[in-house]
Amino acid sequence: MKEDEKWQALLAISTPTFAGETTPPYGFMTRTLARLKTEKRQQELIEKIGLRAFLASLAVLGLSICLTLCLHFTNQGDLEPGMNGFIQVENVQVS
Amino acid sequence: MDQPIDVPACLQRWKEGDENAAEELIRYLYPVISKIVRLHLPRRDDEEDLIQEILMKTFSRLHQYKGDAPMSHWVSRLALTTCLDRLRAQKVRPEIRWADLTPEETTMFDAAWLSGSTKDAGDAIQARDLVDKILSTLSGEDRSLILMVDLEGQALQEIADLTGWSVSKIKMRLFRIRTQLRKMIDNIEERP
Chain A
1 MKEDEKWQAL LAISTPTFAG ETTPPYGFMT RTLARLKTEK RQQELIEKIG LRAFLASLAV
61 LGLSICLTLC LHFTNQGDLE PGMNGFIQVE NVQVS
Chain B
1001 MDQPIDVPAC LQRWKEGDEN AAEELIRYLY PVISKIVRLH LPRRDDEEDL IQEILMKTFS
1061 RLHQYKGDAP MSHWVSRLAL TTCLDRLRAQ KVRPEIRWAD LTPEETTMFD AAWLSGSTKD
1121 AGDAIQARDL VDKILSTLSG EDRSLILMVD LEGQALQEIA DLTGWSVSKI KMRLFRIRTQ
1181 LRKMIDNIEE RP
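Here the protein sequences come in this chain order: A and B. Residue 5 in the numbering used here sits at position 5 of the first sequence, with consecutive numbering throughout. So the numbering used here is basically just the index in the second sequence, starting at one, shifted up by 1000.
Accuracy of the hints is not assured; some may be wrong.
[Said to hold, decoys possible] Residues from chain A shown here face chain B by an in silico Cβ test under 7 Å; the list is partial: (1) K6; (2) A9; (3) L10; (4) T17; (5) G20; (6) E21; (7) T22; (8) P24; (9) L36; (10) E47.
[Said to hold, decoys possible] Facing chain A, from chain B, some residues (calculated, C-beta under 10 Å): (11) I1036; (12) L1039; (13) E1095; (14) D1132; (15) R1178.
Derived by calculation from the structure, the hints in this document are not laboratory data. All C-beta atoms, glycine included, are put in the ideal place defined by N, C-alpha and C.
Bound-form chain A, shown alone (with noise of 0.2 Å):
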């Protein structure tokens, strides 16, 4: 169809235009090793900063655990949590 020889005349003429470069351009190589630089330092901080986070995460759940074990084990007579302070104070007699 004349059509498809004109889409492919067109195309056969346009063909150097669409071949790539070998070499980059200059400053291309500097513009990118910087920004390739910041990004991996940018990477370390946030890996840096997520390792805290979880170690810090980790020290609070690590004591809050102490903590519900230590009142866990100081109350084990109580009935219900607070309840020996109330029996104490009121002289009531538990048997």
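Could you slot chain B onto chain A? The hints should help.
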């Protein structure tokens, strides 16, 4: 492409913090990415920015590269996906007519019909403008597909491997694109 480099050794050096390795990798990958970007992106978009973006993506995903295929293939796929994403965001022109062409483009339209090919650089640019205008009536994926087949002469299986589409899907798409292209060229031919 420049001299082949020892990719695994280069990657190892980059992991160890050697910046020269990054430079070697960029020089090696630049022609591969440039070729894809030039083919799959309209000329008015900033090529250099996109090449840089693809390189950044490459470096940030280096841990995903297993080394079972050549690095240039892996990067080609990444570059093509990035270009297609960019093309998807672009508007598709509903149609193109004789009145939409510049005087130079109308001359080129007739000259292409008569001569078929030329070695003149100016003509190549005029023809490219016209090709870009016609391609702007296609979706991004269709535009890339027709160029891979008609300009690069890539095999359907090769395109399937690169894009992840099935061969039958590619064939159906090509048929539809060719019909659309014929209609567009016919539209232009109907000059006032």
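At a threshold of 10 Å, is the proposed contact between B:L1039 and chain A supported by beta-carbon distances? 5 Å, holds
Report holds or violated for the interface hint on A:G20, using the least CB-CB distance to chain B and a cut-off of 7 Å. Hint on A:G20: holds, closest Cβ of chain B at ~3 Å, below 7 Å.
Is the shortest C-beta separation between A:E21 and chain B less than 7 Å? 5 Å, holds
How about A:T17: closest beta carbon in chain B under 7 Å, or not? For A:T17, the interface hint holds, since the closest Cβ of chain B sits about 4 Å away, which is under 7 Å.
Are A:P24 and chain B close enough, Cβ to Cβ, to be under 7 Å, as the hint says? At about 5 Å, which falls below the 7 Å cut-off, the nearest Cβ of chain B leaves the hint on A:P24 intact, so it holds.
Taking the closest Cβ pair, is B:D1132 under 10 Å from chain A? 9 Å, holds
Does A:T22 pass the interface check with chain B, least Cβ-Cβ distance below 7 Å? 5 Å, holds
Per the CB criterion, is B:R1178 less than 10 Å away from chain A? 7 Å, holds
Min Cβ distance, B:I1036 to chain A: is it shorter than 10 Å? Nearest chain A Cβ about 7 Å off; hint holds.
Residue hint A:L36, partner chain B, criterion CB-CB below 7 Å: 6 Å, holds
Can you verify the interface hint for A:E47: is its Cβ closer than 7 Å to any Cβ in chain B? Violated, because the Cβ-Cβ distance from A:E47 to chain B comes to roughly 13 Å (cut-off 7 Å).
For the hint on A:K6, just tell me whether its beta-carbon gets within less than 7 Å of chain B. 5 Å, holds
Violated hints for the displayed structure, listed by number in ascending order: 10 and 13.
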